[in-house]
Amino acid sequence: MSEEILINFTPMETRVAVVENGMLQEVYVERAAKLGIVGNIYKGKVVRVLPGMQAAFIDIGLDRAAFIHAADIRSAKEDENKSISYLLREGQSLVVQVTKDPIGSKGARLTTHISIPSRYLVYMPYAEHVGISQRIEDEVERERLKQTVQSQLDQLHEEGEVNVGGFIVRTVAEGAREKDIHKDLLYLRRLWHSLQESMDKAAPATVIYEDLPLYMRILRDLATPEVEKIRIDSRETFHKAQEFVGKLIPEILERIEYYPGERPIFDLYNVEDEIQRALGRKVQLKSGGYLIFDQTEAMTTVDVNTGAYVGHKTLEETIFKTNLEAATAIGRQLRLRNLGGIIILDFIDMEDVEHQRQVLRTLEKVLEKDHVKCKVTGVSELGLVEMTRKRTRESLEQVLCEPCPICQGRGSLKTPETVCYEIFRDILRQHRAYNTDSYLVLASQSVVDKLMDEESDRVAELETFISKTIRFQVEPMYTTEQFDVVLR
Numbered sequence: 024m025s026e027e028i029l030i031n032f033t034p035m036e037t038r039v040a041v042v043e044n045g046m047l048q049e050v051y052v053e054r055a056a057k058l059g060i061v062g063n064i065y066k067g068k069v070v071r072v073l074p075g076m077q078a079a080f081i082d083i084g085l086d087r088a089a090f091i092h093a094a095d096i097r098s099a100k101e102d103e104n105k106s107i108s109y110l111l112r113e114g115q116s117l118v119v120q121v122t123k124d125p126i127g128s129k130g131a132r133l134t135t136h137i138s139i140p141s142r143y144l145v146y147m148p149y150a151e152h153v154g155i156s157q158r159i160e161d162e163v164e165r166e167r168l169k170q171t172v173q174s175q176l177d178q179l180h181e182e183g184e185v186n187v188g189g190f191i192v193r194t195v196a197e198g199a200r201e202k203d204i205h206k207d208l209l210y211l212r213r214l215w216h217s218l219q220e221s222m223d224k225a226a227p228a229t230v231i232y233e234d235l236p237l238y239m240r241i242l243r244d245l246a247t248p249e250v251e252k253i254r255i256d257s258r259e260t261f262h263k264a265q266e267f268v269g270k271l272i273p274e275i276l277e278r279i280e281y282y283p284g285e286r287p288i289f290d291l292y293n294v295e296d297e298i299q300r301a302l303g304r305k306v307q308l309k310s311g312g313y314l315i316f317d318q319t320e321a322m323t324t325v326d327v328n329t330g331a332y333v334g335h336k337t338l339e340e341t342i343f344k345t346n347l348e349a350a351t352a353i354g355r356q357l358r359l360r361n362l363g364g365i366i367i368l369d370f371i372d373m374e375d376v377e378h379q380r381q382v383l384r385t386l387e388k389v390l391e392k393d394h395v396k397c398k399v400t401g402v403s404e405l406g407l408v409e410m411t412r413k414r415t416r417e418s419l420e421q422v423l424c425e426p427c428p429i430c431q432g433r434g435s436l437k438t439p440e441t442v443c444y445e446i447f448r449d450i451l452r453q454h455r456a457y458n459t460d461s462y463l464v465l466a467s468q469s470v471v472d473k474l475m476d477e478e479s480d481r482v483a484e485l486e487t488f489i490s491k492t493i494r495f496q497v498e499p500m501y502t503t504e505q506f507d508v509v510l511r
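For what it's worth, the numbering used here labels the leading residue of the sequence shown as 24, then goes sequentially.
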């Protein structure tokens, strides 16, 4: 598998594209005016405790207060009372880390279980165990990595260190040298000591630790041995990346390239076109079938349709092939659109149990490539595949778009006919309440056209009924749903 990372940098925003075998798989966008805060550590102040929800709101210096649940708060002893009222009080200072960016109307999500990542390890200062990434499947390698970290921790204990903390060994550590892992471990320990000093001095609602900028996080987290090239279109960012990689990940230094071409870097693999397509509801499949994505605050649904594909064999075979292609496409689209939370997949109904099993297995295999944790819970009684994908940042649509101001995000508008009848009802309402000589209706061109043409008979009937004249005026700035009835 050929994998490349393209980094497009401007002073306003940084965009990163992950391309596998010439196809866009993931997009990351970070704007200078709205930087992501996942991973940042703050000294917060408790502003409100909610016993009924077992949660609290914390001021960390953002526009909206952040949210923490009782389950995400460390307590001194595990068997102590875990009631939020016991754990927190209003006005209390609390060191917290952001686990989810503010999304939509919701504030950031917080935890006190601090974790700090580096290239090979994630340091958990308040934990005591050594964990290994589940993506490392070789048991011999898992044991080697565990012993490598544990031996270093044992040495620190022997030197009199207390509260050494725990570590998770990251996927990228597979095959890493022992000395490089030790170097990472000591770096994280030194960083934590300096952060502890900052915590003591910091005022409430201030940031103590900020994660790296996007392009450095990508280099740290995604530059695996499978990545053949990392291309950067900014000379200054390229030099910073070289310096960063030289210190932290020297083995990938030769894979970083400066891209000076006149053709925009995202045009190399039609990334711009793919991004535009990823903002649409419909995804066309090569077979002629298609997917429909509907994203709501509660969940995302994906509907699979055969479309124009009729196949060459039986209907069951046609459905099976469409569902197989859809499973692969869905896995890619979830990454590309960065859809998270509850996801319901409505595959075309299959009678053959073996076909169902193969489609589910194809989906799971595609999701194994995902950097974000996914869990497929199986097929429900209604034949729907239910799954979850961890949501830590806004989806591509939420980053690049806003709800339509005309339909308010509904995705549909009232017809001119419906608005005409609303106008009639409003005129009747005003006729009963006020005494006037005539009415002036201000509305959009399409509604006025409807009133003057197809609805003209009903307008005449209404004028006779109320014994008043009704006149119409087009307001060019009005949307279809907007109108005013003015007393004259």
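These aren't lab readings, by the way, just hints derived from the structure by calculation. Since the model is a prediction, treat every value here as computed from it, not as a measurement. Glycine included, every Cβ here is placed at the ideal spot set by N, Cα and C. Mixed in with the good hints there might be a few duds.
Claimed, not checked - Cross-link-like lysine-lysine pairs, in silico, DSS-like; alpha carbons within 27 Å at most: (1) Lys252 x Lys305; (2) Lys305 x Lys388; (3) Lys252 x Lys388; (4) Lys129 x Lys202; (5) Lys392 x Lys252; (6) Lys68 x Lys129; (7) Lys344 x Lys169; (8) Lys305 x Lys202; (9) Lys57 x Lys68; (10) Lys263 x Lys57; (11) Lys388 x Lys57; (12) Lys344 x Lys388; (13) Lys491 x Lys473.
To be verified - Ranges between beta-carbon positions, derived for each pair: (14) Glu404 x Gln265: 30 to 40 Å; (15) Gly127 x Lys169: 22 to 32 Å; (16) Glu259 x Met500: 39 to 49 Å; (17) Asp244 x Gln173: 38 to 48 Å; (18) Gln299 x Thr487: 46 to 56 Å; (19) Val70 x Gln381: 33 to 43 Å.
Open item on the list: Checking each numbered hint in turn, tell me which of them this model violates, lowest number first.
Closed with: 1, 4, 7, 8, 11, 14, 15, 17, 19
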